[in-house]
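So the sequences go chain by chain: A and B.
Following my numbering, the numbering of the first sequence begins with 1 at its first residue and continues without gaps.
Following my numbering, the numbering of the second sequence begins with 404 at its first residue and continues without gaps.
No lab work stands behind these hints: they were computed from the structure.
Some clues are possibly wrong.
Calculated Cβ distances over 10 Å to all of chain B for the following chain A residues [unchecked claim]:
| # | residue |
| --- | --- |
| 1 | Leu7 |
| 2 | Leu253 |
| 3 | Asp333 |
The calculated SDA-like cross-link candidates involving lysine to any residue, where the alpha carbons are at most 25 Å apart (straight line), are [stated by the list, open to error]:
| # | chain 1 | residue 1 | chain 2 | residue 2 |
| --- | --- | --- | --- | --- |
| 4 | B | Lys444 | A | Lys41 |
| 5 | A | Lys94 | B | Glu454 |
| 6 | B | Lys444 | A | Val26 |
| 7 | A | Lys41 | B | Leu472 |
| 8 | B | Lys444 | A | Asn63 |
| 9 | A | Lys41 | B | Glu454 |
| 10 | A | Lys94 | B | Lys497 |
| 11 | A | Lys196 | B | Lys444 |
| 12 | A | Lys94 | B | Ser415 |
| 13 | B | Lys690 | A | Val26 |
| 14 | A | Lys354 | B | Lys444 |
| 15 | B | Lys497 | A | Lys354 |
Ideal Cβ positions, reconstructed from N, Cα and C, are used throughout, including at glycine.
Protein chains: 2
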Amino acid sequence: MRFDTYLASRTSRMGASAIREILKVVSAPGMVSLAGGIPAKESFPMDIMEELFSRVIRRYGSNAFQYDLTEGFPPLREALVPFLAERGIQAEAKQILVTTGSQGVLDGVAKILVSPGEGIAVEAPTYLGAIQAFNPYEPRYVRLETDEEGVVPESLDEVLATQRVKFVYLVPTFQNPTGKTLSLPRRKRVAEIIQKRNALLVEDDPYSMLRYRGEPLPPIYTFAPENTLYISTLSKVFAPGLRIGFFLAPPPLDRWLVLAKQGVDLHTSTLNQALAAEYISGGYLAKQVPRIVSLYAPRQQAMLSAMEKYFPSSFTWTKPEGGMFIWAEGPKDLDLEQVYYQAIERKVAYVPGKFFFTELGEGISTMRLNFTCSDAPTLEKAIRTLGEVLAEVAAPNRKVHAL
Amino acid sequence: MRFDTYLASRTSRMGASAIREILKVVSAPGMVSLAGGIPAKESFPMDIMEELFSRVIRRYGSNAFQYDLTEGFPPLREALVPFLAERGIQAEAKQILVTTGSQGVLDGVAKILVSPGEGIAVEAPTYLGAIQAFNPYEPRYVRLETDEEGVVPESLDEVLATQRVKFVYLVPTFQNPTGKTLSLPRRKRVAEIIQKRNALLVEDDPYSMLRYRGEPLPPIYTFAPENTLYISTLSKVFAPGLRIGFFLAPPPLDRWLVLAKQGVDLHTSTLNQALAAEYISGGYLAKQVPRIVSLYAPRQQAMLSAMEKYFPSSFTWTKPEGGMFIWAEGPKDLDLEQVYYQAIERKVAYVPGKFFFTELGEGISTMRLNFTCSDAPTLEKAIRTLGEVLAEVAAPNRKVHAL
């Protein structure tokens, strides 16, 4: 029998992830994918995994395999206290809550706060995984202006002055998809606005440890802890397959988020939390992060240099001080989704930028490029090929080539 | 600032789990808890965990730590094919989908199917974790009659004939909380009714491998695969802390459930799925299940014998052939939630049965007893104590004892 007619109204909002659909295509042999959003497998501390596992068995025994508290495995929450302190966040272990990837709390916050039709303010463009988490709760998206430095504070202020939104979702550091980072003055300004307007900021911070140049910036949370749900993850500095995220939330949202999580998965894998606890408290993370930075920094440099060399002059792009992405923009009206299929034929994949916008028709001429998953020579070659494809389509008299 | 006024309407339906609240109280030193719903830690195959981990590293390397498909880790899906065949379920690997505990798909099915106010038919009493998963989607619960053999088919038929429900939720084998098992004729009758009424059955099957006596029964799924979402888990036969559940769903529900899961956690821990794949395909599970049965069977026997000896004659209880629970019922109007606090003072905890009913006022004189987490002498002693408490409160002239 068919159950199509059984679906809830919210289900129509759950589309397939465009990125994931595109990733399926790009696993063809010989393809160089600049489309991914994933860490390099060489960034995982494979050399210490068996050691970590032995430590877990020795220290926690069967407790690492038993049901555990929804709030999180206590040794991990303890280990995250000094970890967060290094970012300027003073928190007690009991305030730190663990989730199954940061995705888990993105689902949770929309679940507890958003009734159908209510507003969530997001950057244009914004992180696609967040949109996928929010969509089933049928929100209305309110667009925040961004410029080369990220979200424009005046736009935020105006939105909060004129519309009721349940929360503001930002990725202030090395944003996905643009790589943009909010400056210190803007962070303070955003914190002020959020406080002044009695609003809730959801600050998603997965990439801040992947900094290749420049000085670390404090999370917005540090300026407005009572108005900020701060989310981070170990997916980019340990291993994403372990699905370990964590967050700090102002009361009573913390309690509601725990209850929502309880209904969804009871708790996050105890074993993986125990591995994460040992990874941090055993000093392994502190050694691994510089290794990851040394792996990614030359890759980013290779991509930026190659773009300088091979991209048409009609293109502009971001030069982030860290993260995993570069965002490029071509001449207005150039449809980079169409171009995608030409690039695929030349064995180079990227993500057309339009998928990161919540409004149709935006971002047609943008693209997201990932540099973490290939070595520098491969990236150089892929960007050269992509530059050739773009030169063809972006040339003012490009119809000539059909002759 | 306070965010109470920010909560979505659905959030009022997310209460704290009574079981979990009670579990917090019962961790006091000296307490014997018959309140838990968890496997004994001695049931975990701790002797082979390091071996399993080494196999995972050898076989899958860094892939076991990378992002993976939402559908599940392919080697685990392959390993589950013969595993399910032993239950009489013929399925291809591509039909088998993995979730973060079976809790994950309970959340998913309500998410994709239930709009506020729509019906879910459940046994009275039913599994509390399912109610917690369903509640945020604001369903209306429709009560199915049960007797000593489990759900009454005529009650199911009448409900489906007179009301529109989005799905029927049953735990047909060693049910939580009652331990009851639906007989083969009733399974066939339920399958017929579900098919006749074009309804969807959600068959939750966590306990069927924990059989201490009698013959295995085929899942209802085998009689009505096109109308059944079949859910199971490795939590009771491997380790619950790994959070590995799996399911089979009729199309197109399978696809929608994958999309819903993608928004919630992207995918289930790759490492834990790899461990589970090796546990099953390496033949470890086949050896471990008889060990678990040998551990639990005498515990159940000890509890049943002690109840025979020490419980007042005004009590009746189930004698399940497997699972983790015994369900007892006292004289009508005896409030076993009140009695709970007297039992706690004598250092014995259980779960008052009323928490497993969706309608207020039901199950006042019932209780759920778990026998998996203590050895036989401890259970015997705890049941003797509990029998004394019950004898006091259940005696017809019980006011005398206050003199």
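Evaluated hints:
1. Consistency note on leucine 7/A: stated as away from chain B, yet its beta-carbon is not over 10 Å from all of that chain's, at 6 Å minimum.
2. Not every CB of chain B is more than 10 Å from the CB of leucine 253/A (nearest about 5 Å), against its label as outside the interface.
3. Remark: the non-interface label on aspartate 333/A is consistent with the geometry, its nearest Cβ contact in chain B lying 32 Å away (cut-off 10 Å).
4. Of the pairs offered as hints, the one joining lysine 444/B and lysine 41/A is violated, with about 33 Å between alpha carbons and a cut-off of 25 Å exceeded.
5. Taken as a hint, the lysine 94/A and glutamate 454/B pair is broken in the structure, with Cα atoms around 34 Å apart against an allowance of 25 Å.
6. Between lysine 444/B and valine 26/A the CA atoms are separated by roughly 44 Å; this puts the pair beyond 25 Å, and the hint is violated.
7. Between lysine 41/A and leucine 472/B the CA atoms are separated by roughly 16 Å; this keeps the pair inside 25 Å, and the hint holds.
8. Between the alpha carbons of lysine 444/B and asparagine 63/A the distance comes to roughly 7 Å, so the proposed pair stays at or under 25 Å and holds.
9. Restraint check for lysine 41/A and glutamate 454/B: the C-alpha separation of about 23 Å stays at or below 25 Å, so the hint holds.
10. Between the alpha carbons of lysine 94/A and lysine 497/B the distance comes to roughly 41 Å, so the proposed pair goes past 25 Å and is violated.
11. Using a Cα cut-off of 25 Å, the hinted pair lysine 196/A and lysine 444/B is violated, with the two alpha carbons roughly 51 Å apart.
12. Distance restraint check for lysine 94/A and serine 415/B: the Cα-Cα separation of roughly 24 Å lies within the 25 Å cut-off, and the hinted pair is therefore satisfied.
13. Taking the CA atoms of lysine 690/B and valine 26/A, the gap is about 41 Å. The hint is violated against a cut of 25 Å.
14. Distance restraint check for lysine 354/A and lysine 444/B: the Cα-Cα separation of roughly 50 Å exceeds the 25 Å cut-off, and the hinted pair is therefore not satisfied.
15. Using a Cα cut-off of 25 Å, the hinted pair lysine 497/B and lysine 354/A is violated, with the two alpha carbons roughly 31 Å apart.
Of the numbered hints given earlier, the model fails hints 1, 2, 4, 5, 6, 10, 11, 13, 14, 15; all others are met.
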